[in-house]
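Engineer: Chain residues, written in single-letter form:
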Amino acid sequence: MLHHYTLERLLEIVGGRRELVGAYEGVIQGIASLEDACAGDLSFLGNPKYRTKVRDSQASVLLVPEDFDETPSNGQLFIKLENPSYSLALICRDIEASLFPCPAAGIHPSALIEAGAEVSPEASIGAFCHIGAGAKVGAAVLESHVSIGRSATVGDESHLSPHVWVGDYCQIGRRNRLLAGCVIGSDGYGYEFFENAHQRVPQVGNVVTEDDVDIGANTTIDRARFGSTRIGAGTKIDNQVQIAHNVRVGRHCLIVAQVGISGSTELGDGVVVGGQAGIAGHLKVGSGAMVAGGTAVVSDIDPGSKVRGYPAMPMMLFNRMAVLQRKLPDLFKRFDQLEKTMKSPADKSDPPKQ
Amino acid sequence: MLHHYTLERLLEIVGGRRELVGAYEGVIQGIASLEDACAGDLSFLGNPKYRTKVRDSQASVLLVPEDFDETPSNGQLFIKLENPSYSLALICRDIEASLFPCPAAGIHPSALIEAGAEVSPEASIGAFCHIGAGAKVGAAVLESHVSIGRSATVGDESHLSPHVWVGDYCQIGRRNRLLAGCVIGSDGYGYEFFENAHQRVPQVGNVVTEDDVDIGANTTIDRARFGSTRIGAGTKIDNQVQIAHNVRVGRHCLIVAQVGISGSTELGDGVVVGGQAGIAGHLKVGSGAMVAGGTAVVSDIDPGSKVRGYPAMPMMLFNRMAVLQRKLPDLFKRFDQLEKTMKSPADKSDPPKQ
Amino acid sequence: MLHHYTLERLLEIVGGRRELVGAYEGVIQGIASLEDACAGDLSFLGNPKYRTKVRDSQASVLLVPEDFDETPSNGQLFIKLENPSYSLALICRDIEASLFPCPAAGIHPSALIEAGAEVSPEASIGAFCHIGAGAKVGAAVLESHVSIGRSATVGDESHLSPHVWVGDYCQIGRRNRLLAGCVIGSDGYGYEFFENAHQRVPQVGNVVTEDDVDIGANTTIDRARFGSTRIGAGTKIDNQVQIAHNVRVGRHCLIVAQVGISGSTELGDGVVVGGQAGIAGHLKVGSGAMVAGGTAVVSDIDPGSKVRGYPAMPMMLFNRMAVLQRKLPDLFKRFDQLEKTMKSPADKSDPPKQ
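Residue numbers (the working numbering), protein chains in the order written: chain G, 6 to 359; chain X, 6 to 359; chain U, 6 to 359.
Hints are computed from structural coordinates only; laboratory data are not their basis. It cannot be assumed that every hint is accurate.
To be verified - Derived DSS-like pairs (lysine-lysine); straight-line CA-CA distance at most 25 Å: (1) K345(X) - K348(G); (2) K54(G) - K289(U); (3) K289(U) - K311(X).
Since the model is a prediction, treat every value here as computed from it, not as a measurement.
With the hints as extra help, turn the sequences into a complete structure.
Structural biologist: Structure (structure tokens):
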């Protein structure tokens with residue numbers, strides 16, 4: 006994916022204080038890591054531990070920290086900056102705006118808006134979208150094949166990727182990003198066994214996402230039994246996460262891919278849950294807690310604590326245990342030996358061999 | 006999500022024997038847990054362990070058990086009932102019927118029915134649905150963007166949420182609920198390595214779901230290599246479950262979110278599999294077995310047994326082991342100490358210090 | 006799913022050297038395992054360990070190895086072949102071609118091709134497909150509801166099942182099979198925390214799949230922060246796999262269902278990753294390595310090595326440890342006993358009881 010920049014434009018984006026060392030005459034054609042960059046590419050030294058990789062990099066232009074004092078090779082330009090990572094982010098934001106321009110407002114001729122739905126004239130509604138009766142869509146972008154249920158709402162500046170479904174009565178906040186294929190507001194999983202069968206418990210609640218929530222591709226969030234399954238403002242959810250009915254996730258949480266959170270569990274603010282972790286139902290995970298990837302949480306977690314393991318335990322204890330676990334074969338051997346020594350009467354009575 | 010009830014209507018739904026204590030004059034505007042309820046809400050005491058929460062609840066109307074003898078606060082009404090949970094379910098069922106009314110029969114003008122497909126005149130086919138040649142759809146509800154493959158069948162009273170795909174030749178029973186984005190009948194994952202590449206093994210079977218099966222959002226069930234991948238009557242599958250080719254799931258099983266079941270494995274009747282558990286291929290899990298969440302099953306499981314762990318072991322053993330595991334650091338320390346004591350000749354010969 | 010063959014047609018497909026023992030006069034109506042087959046079915050003995058099951062099989066025609074010397078029952082035919090499994094694959098391939106015929110070239114009248122997109126006249130574009138501006142689609146098959154982003158490309162002979170999304174600028178190679186609901190090129194999950202909120206890091210890269218790649222149902226592959234998330238030629242990915250931004254997967258890898266691979270991790274060639282395994286970010290997994298199902302990889306893996314566990318360890322060590330773990334309760338008991346013996350002064354001074 007090429008993107009062409011002149012050096013002038015690049016410096017304009019970066020702005021502020023900078024120092025140029027060396028020279029590159031051509032156009033900048035792409036961005037790549039130090040290792041992958043070819044001639045014509047822009048690269049950057051974000052993490053000091055990669056300093057030695059700069060020398061071998063084929064990049065033509067490099068963003069480096071102010072205290073980086075190596076010399077560029079012939080035809081190579083170093084741009085010395087206070088914070089190369091931040092400058093790179095500014096450039097990427099510029100590329101993004103150009104590669105993924107905000108689509109024009111308007112409703113694609115193939116989209117269907119049911120009677121009684123309200124769509125903002127500033128909204129962009131893509132091909133084959135379906136908006137149910139009573140739904141309200143703000144100044145949002147809906148890409149192709151998005152389906153909005155009856156009486157659901159989508160806030161201003163939200164962006165819904167293809168094949169997203171927002172179920173009936175669900176409420177999506179402002180500036181949400183719903184990635185492709187995510188399912189918001191499907192039936193909670195609740196059954197009671199009687200008359201020799203699992204009888205479905207009615208699920209009459211909804212899902213509410215506050216402002217600035219991101220929801221990953223193919224993630225599923227179930228509507229509440231009653232009341233709301235709720236995702237707090239600023240929380241970012243990765244792909245293929247499962248959030249069950251009546252869960253409440255606090256503000257500014259990070260929930261990494263393939264995590265599962267069972268019914269009615271509550272996460273405080275700023276909780277971080279690593280990939281593939283599972284959290285059982287009806288638990289409380291305190292604000293600021295960190296749950297390591299793959300952990301199985303089966304009891305409440307204190308605010309600010311770090312847990313890991315199956316089942317979860319304090320991370321320090323897990324790490325210690327993981328080391329010792331590998332020494333089990335050795336321990337068993339040593340123990341057998343010791344037991345033998347103890348049980349042998351000879352060992353007790355004989356003098357040490359000389 | 007508000008829902009308005011008069012007290013008269015509420016009592017009509019609840020029916021049967023009940024006793025009213027206290028009084029509430031207004032309209033009932035919502036349902037919430039004891040903790041979350043506001044004035045105007047209905048709440049309930051289902052589990053005796055929450056008895057103490059009744060006193061602080063702001064709910065205006067509370068369903069309580071017959072033996073609950075506390076006094077309602079001013080303007081609060083207690084409805085004493087034999088089984089408050091059951092009464093609540095009746096109310097929720099009434100709300101559900103009102104919030105999610107069964108759509109009228111008929112084919113949305115944007116839907117496409119290919120030549121040779123048969124659709125019941127009682128079916129409701131939503132926007133942008135596509136029904137392949139030779140498919141047969143009974144008196145079912147298909148929401149928007151549903152795709153039915155060639156020669157597939159969907160039984161009466163089944164409900165398919167948006168973005169569901171039922172693959173060619175697959176058979177969906179009666180009263181099934183297929184939640185949004187689930188994929189029924191994709192290719193089984195089978196390859197043979199020859200000529201330096203993984204060659205796809207043809208997958209010419211299908212998926213058959215019996216009656217009263219529920220399948221969760223974004224769940225995937227692969228069609229068989231030949232014959233059928235089969236889901237037994239009354240089985241309820243949660244979101245993001247993966248069921249591989251030629252698996253056979255018995256009747257009335259519960260399979261919780263993010264479970265994976267590998268090829269050709271058979272589950273008996275009434276099996277419960279907890280969230281994120283994985284079951285390897287070509288195994289038998291006996292009827293009534295319980296597999297705890299996160300468990301990795303790598304060998305057959307006896308009927309009625311309970312297993313947990315990675316890899317699976319009897320649940321009692323796992324629970325014991327999980328406790329002891331945390332004591333490993335201590336055990337290693339004690340052991341080192343003991344070994345030292347044993348090996349030191351001084352300890353053996355010297356008299357205890359005085 | 007019935008499929009009718011005459012014996013003549015069957016022998017034509019199988020070809021080569023074969024010997025017929027016994028006789029069956031009817032039509033062959035289906036294929037089933039030895040256990041499941043009914044009268045009229047074809048079955049086969051692929052694995053010698055199932056030899057004894059042949060006697061009880063109700064199949065009318067059986068493919069058996071040349072050295073199989075039992076006698077067919079009345080009305081049953083044995084076809085003796087060098088490699089029954091291979092012959093069966095030939096038959097299944099014939100069935101597949103007949104059950105799943107390649108759809109005719111052409112664009113379904115309901116599909117939408119935006120201005121500036123190029124679609125091969127040999128392509129088959131299904132109902133409700135949407136192809137974005139600047140996209141290039143070769144002689145591929147797109148089933149219903151497929152969405153191709155702006156400037157994305159799809160190679161010749163690729164097959165995209167319903168509800169697939171290929172994001173803007175992504176490149177799908179030749180002979181790829183993208184199963185239903187998979188999401189190629191959604192936003193990578195990257196945030197930086199400043200000004201009291203998680204700020205999204207722009208993701209301006211794409212996803213590139215080389216030739217002969219299969220991608221499972223509801224699998225998600227994120228586009229790179231910059232550069233490309235890349236899947237090597239011949240790699241086969243199962244359902245519900247999550248591949249994060251900037252991951253590079255080598256050639257001819259097998260990645261089984263529900264695996265998660267975190268950002269920037271690199272897999273060599275021929276790597277096999279078992280179901281539900283997770284691989285942390287910024288790691289290298291060497292060529293030919295095998296990661297067992299459910300494993301949590303948190304450090305680099307040497308080429309050709311086999312690992313298992315949480316966290317990963319050499320498979321031999323894990324297997325040993327898994328056995329010993331179950332003996333922990335016993336070890337603790339023995340240890341307590343031993344310690345007691347040691348600490349008791351009586352034990353030290355008293356002579357053994359006579």
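Engineer: If a hint holds in the structure, say so; if it does not, say that too.
Structural biologist: Outcome of the hint check:
{"no.": "1", "hint": "K345(X) - K348(G)", "verdict": "holds, 17 Å"}
{"no.": "2", "hint": "K54(G) - K289(U)", "verdict": "holds, 17 Å"}
{"no.": "3", "hint": "K289(U) - K311(X)", "verdict": "violated, 38 Å"}
Hint compliance for this structure: hint 3 is the single one not met.
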